[in-house]
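Trainee: Keeping their order, the protein sequence lines are chains D and H. Following our numbering, the numbering of the first sequence begins with 19 at its first residue and continues without gaps. Following our numbering, the numbering of the second sequence begins with 19 at its first residue and continues without gaps.
Don't read these hints as lab results, they were simulated from the structure. Do not take every clue at face value.
Copies of the same chain are indistinguishable here, so a pair counts whether it falls within one copy or spans any two.
Heads up, simulated EDC-like pairs for lysine to aspartate or glutamate below, C-alpha to C-alpha not over 20 angstroms straight-line [said to hold, decoys possible]: (1) K123 <-> E316; (2) K123 <-> E290; (3) K123 <-> D299; (4) K232 <-> E343; (5) K211 <-> D279; (6) K317 <-> D125; (7) K165 <-> E316; (8) K123 <-> E307; (9) K317 <-> D80; (10) K463 <-> D53; (11) K305 <-> D125.
So you can see what is in the structure, the chains are spelled out below.
Number of protein chains: 2
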Amino acid sequence: MNGAQSLVKTLLAQGVDMCFANPGTSEMHFLAALDNPAMRSVLCLFEGVATGAADGYFRMNDTPASTLLHLGPGLANGLANVHNARKAGSGMVNVVGDHATSHLKYDAPLASDLDGLARPYSHWLRRADGPHTIATDVARATTAARKGRIATLILPGDASWGEAGDPPDCPIETPVFHAPKPGRVDAVAKIFKNPEGPILVILGGRACQGEGLKLAGKLAAATGCRLATQFFTGRIARGAGRTPLERIPYFVAPALEFLKDFRHIVTVETGEPVAFFSYPDSPSLLKPESCDVHGLAEKDEDGAAGLDMLLDALGARTVAPKRQERIETPVPSGKLDPQTIALALAAALPENAIVVDESLTTGRNAAGFTLGAAPHDMLQNMGGSIGFSTPVATGAALACPDRRVISMTGDGSAMYTIQSLWTQARENLNVTTIIFANRAYQILKAEYANMGFPELGPRAAAMMEIDRPTLDFVALAKGMGVPGLKVASAEAFFRALQKSCAEPGPMLIEVCL
Amino acid sequence: MNGAQSLVKTLLAQGVDMCFANPGTSEMHFLAALDNPAMRSVLCLFEGVATGAADGYFRMNDTPASTLLHLGPGLANGLANVHNARKAGSGMVNVVGDHATSHLKYDAPLASDLDGLARPYSHWLRRADGPHTIATDVARATTAARKGRIATLILPGDASWGEAGDPPDCPIETPVFHAPKPGRVDAVAKIFKNPEGPILVILGGRACQGEGLKLAGKLAAATGCRLATQFFTGRIARGAGRTPLERIPYFVAPALEFLKDFRHIVTVETGEPVAFFSYPDSPSLLKPESCDVHGLAEKDEDGAAGLDMLLDALGARTVAPKRQERIETPVPSGKLDPQTIALALAAALPENAIVVDESLTTGRNAAGFTLGAAPHDMLQNMGGSIGFSTPVATGAALACPDRRVISMTGDGSAMYTIQSLWTQARENLNVTTIIFANRAYQILKAEYANMGFPELGPRAAAMMEIDRPTLDFVALAKGMGVPGLKVASAEAFFRALQKSCAEPGPMLIEVCL
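One chain only, chain D, in its complex shape (with noise of 0.2 angstroms):
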């Protein structure tokens, strides 16, 4: 066999058997090589469309996938996306084609510093010295991906096509992540034993789903502290039955005003509260001088172990965790505002969703009321590169055949990876893609203001209204294939969800604000 079909072979024999791909010519032997039952490859029309994917792949699933990416200025079109999947913790596998050794030296159209382009981004990188080793690097570009590391692959065309003999066996390497030392727990253990001051526990990473979750619940109901996530996290379980989880507000001021009166805060999988932006005269960190902080876990290690070990010090592992209830939200009625979109988010969401959460201004409301919601899970942008969120849902809802995907973005957002709407198409996907469509980049006039401009020059704020002219997203949907519909007043986004959520396939609604 070739190299790439060796590479093809040992993705599928590391449990990698999905390929987000746009594909060029330099990628022609791989291609050949997915031509296999068991890899699905997933066409996509714009590179960041294909790693946004993965990144919502990974996120739902425990296995990576893989993307195929055609040389430095493929590359480049997937990075944004690329970085926001790195800041999440989400592994993927890059597979960048590039001209063949031999033709390199040429310096042809499409010929770059590729290793220097793939640098920033990936955690793992490695050009491929031949078709004989290609399947130990991708075993190790695998286990790399697999603990949510970016793991970069250059196939040089050679590579590709040169033979490269059966692959050797290379076994699958669960993750590992390491319990925290018990005298960071113990350290931790003394001041929830006497705390002086109130207690903010703040979990990010694993912690905020599943076991890490529930001992969270059980800390917080043993002990009274408070529980909260950053403004953004990779993925929450929330809704009802789950432990309801705080969130640090993203505007400095009022995470400020969250954060002031608490004397501890212990940080599970994620860092110390910092400002989104800087700005002229404003702190970066957000804790009060008076606050000390602890990290129980760190990023890379197992946050519901440390979890465990803690409430094993404070003889609190059999408490009941504190959990949700359920909240029945009526269906809103009349003007669409931040307050009554929400509502009916929270009215309409399906059991067992997937909400994927890219609303800067009008949707940010949505997360308090859908606390009480049918339980879901909730994914947010890391890395606040814009564009995130059609790609993230095409990935997850490939993840997740069997869930609703709802999607939400801001006019502004959708318009940097709108082409993920041809593959929700093309692939039958369960996606609602709601367009909140105030017609400008709404964040910005605020960020404007805090930055302490009192008003807007015309032109400067020409620069943040998109609404000359008007985007019409519902003949963007229709241009790819995507059934849409606009709505003007709380009923109607009611029942376009609703019915959105009835049928399987993907739908847009355009929310007209």
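Based on these hints, arrange chain H on the given structure of chain D.
Mentor: Below, chain H without anything else, positioned relative to chain D:
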């Protein structure tokens, strides 16, 4: 004034009065400073539109444009078209906002190795030290960009908002391209005097227009040498009255055939012909072994000066240059195919149009048929990263508001940066976008065969088809405020082209194949 104001003032003093922007929070002070009537800020919904527009603007204008990009991911989104611009020798000044210096250590969501990311595709790269040195940085960046270089200035928030004082007076440095050394010209002159076989002169860079092109026409008239370009060239002045240039074919086999009888190749502001991609058992270099290659002028030298010196050495300065005659093309009728499409284009092309050519399969024949059309400029993709034409057309239209821009692209390519249409509508640009909708990555099917695969497996074949669902480009254009129509016959295509050229503003024509 603050650093951002100093930056904008210096850009303007350096003659840079166009900014393609996709701003974010970290660029709020820059945005505020852009509120200056002397600076034209053009909003782009995606960064690849901004950098591609800067490329098109440079090709049609003496002075570069600037871009405003938002941290690492914003730059990443723009890099594919930066790559294309770099290969074309199109300069631009990228201003990339970053967090304030004091905020970087907290690894906030949007923090990344921005310097590492910018390095591979920037000729000139600097992180602003502080507000006081920004003016000098900008003057240097602009000098580099004016010479056709990619200049990237990373602008931390504190450098932007801190007090800068009045910017120093930085005179504009006009770029100098040196004439080739006389010895090199003499060596080439000797070959022309005693050629021992046919000579091909390959023109690139600035030599494909203006004085360089005219001098090459004299050389051809005086010596009988043939004149050609590489398959892709940044800008060619062509049509009736201009010196006609042949085009070296794209695929390896016809390129070898085209070049096989030449004894000498003389290159002017370009290199010797190399294959676009590498294939197993296929050469990278396209000339026959018996052919010698002579560089008359390197890419950064003055090819026109070299040609003038050569003509002088040959005593041919006063020869009348070879010129293309006007060929009146009758309006074609019947079925749309590559030939009738090319004929319709040749017949409809208005005087002084700018043709941006990204049609990889269907439109490829157009070049031959438009040689005798009305005089026009043709811009091609030197970097091979698709998603080129719609942004470049946007920038070209802004540089030349009185000229019609015809942007030809395939359906696959168009989807990478389709957001350009919105900017074209917003700025009411005279751009006709022609989508050759063959519902496939048609080029890949040919390349698959070139790689030696006898037939496609069904899964690999599906990855080259974009027909499921069918993209409706008229709906996509409507979604972004651009009127569009579908055509299915040669007459209808011609009429649509005529109509679009007669009416101001953008239009999209979907050519259904």
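Trainee: Each hint should be assessed against the structure and marked as holding or not.
Mentor: Okay, the hints, checked on the actual structure:
1. In the homo-oligomer, the alpha carbons of K123 and E316 lie at most 20 angstroms apart only across protomers (17 angstroms), although the nearest pairing inside one protomer, at 44 angstroms, exceeds that limit.
2. Proximity of K123 and E290 under a CA criterion of 20 angstroms is satisfied inter-copy only: 13 angstroms between copies versus 48 angstroms inside one chain copy.
3. For a Cα distance limit of 20 angstroms, the shortest separation of K123 from D299 across copies, 17 angstroms, qualifies, whereas the shortest one inside one copy, 51 angstroms, does not.
4. With identical chains, the CA atoms of K232 and E343 are at most 20 angstroms apart within one copy only, with a shortest distance of 14 angstroms there and 81 angstroms across copies.
5. For the homomeric pair K211 and D279, the shortest alpha-carbon distance inside one copy (18 angstroms) is at most 20 angstroms, but the shortest distance between copies (90 angstroms) is not.
6. In this assembly of identical chains, the alpha carbons of K317 and D125 lie at most 20 angstroms apart only when taken from different copies (13 angstroms versus 41 angstroms within one copy).
7. Taking identical chains as interchangeable, the C-alpha atoms of K165 and E316 lie at most 20 angstroms apart only when both belong to the same chain, with a minimum of 14 angstroms there against 49 angstroms between chains.
8. For the identical chains of this complex, K123 and E307 are inter-copy neighbours only, at 18 angstroms across copies versus 57 angstroms inside a copy, given an alpha-carbon limit of 20 angstroms.
9. Taking the shortest Cα distances, K317 and D80 sit within 20 angstroms of each other inside one copy (18 angstroms), while across copies they are farther apart (51 angstroms).
10. When the C-alpha separation of K463 and D53 is checked against a cutoff of 20 angstroms, the pair qualifies only between copies, where the shortest distance is 15 angstroms, while the shortest distance within a copy is 49 angstroms.
11. With identical chains, the CA atoms of K305 and D125 are at most 20 angstroms apart between copies only, with a shortest distance of 16 angstroms across copies and 52 angstroms within one.
Of the numbered hints stated above, none is contradicted by the structure.
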